[in-house]
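**Q** One gets our numbering by counting positions in the sequence shown from 1 and adding 5 to each.
A few of these clues could be false.
As a list, the in silico DSS-like pairs of lysine-lysine whose alpha-carbon atoms are at most 30 Å apart [claimed, not checked]:
#	residue 1	residue 2
1	Lys48	Lys91
2	Lys80	Lys69
3	Lys69	Lys91
4	Lys69	Lys48
Calculated directly from the structure, the hints in this document are not laboratory data.
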Amino acid sequence: QVQLVESGGGLVQPGGSLRLSCVVSRSIFSFNVMGWYRRVPEKARELVASITSSGITNYGDSVKGRFTISRDGAKNTVYLQMNTLKPEDTAVYYCNLRIPTTGGQYWGQGTQVTVSS
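Construct all of the structure, not just a fragment, from the sequences and the given hints.
**A** Printed below as a string of structure tokens:
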């Protein structure tokens, strides 16, 4: 069983920065995609950013130029650096791991990010 544990959420003022971390409980040797999603009440879950095991990244339009996703294979960790945060970035952020070859998909428990003055 694979577990994902997020950390780094919190309260930040508009224009501020936060870095989220997601640790995977074991190494994944198959091709995989790790991503960050976010959800606000009464809205659909939104892809924030993703990164493949080969380093290819993808970003949602609303965060391009402000957020950066990265991963450290040695630490089984994916990061989301969030800069120039806006109130509309307020959401619960979830880490996701997808393994296309097996169909496996795993989610973290979520971490709250609140952008407010």
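**Q** Evaluate each hint against the coordinates.
**A** Against the structure, the hints:
no.: 1; hint: Lys48 - Lys91; result: 17 Å, holds
no.: 2; hint: Lys80 - Lys69; result: 26 Å, holds
no.: 3; hint: Lys69 - Lys91; result: 13 Å, holds
no.: 4; hint: Lys69 - Lys48; result: 20 Å, holds
Of the numbered hints listed earlier, not one is contradicted by the structure.
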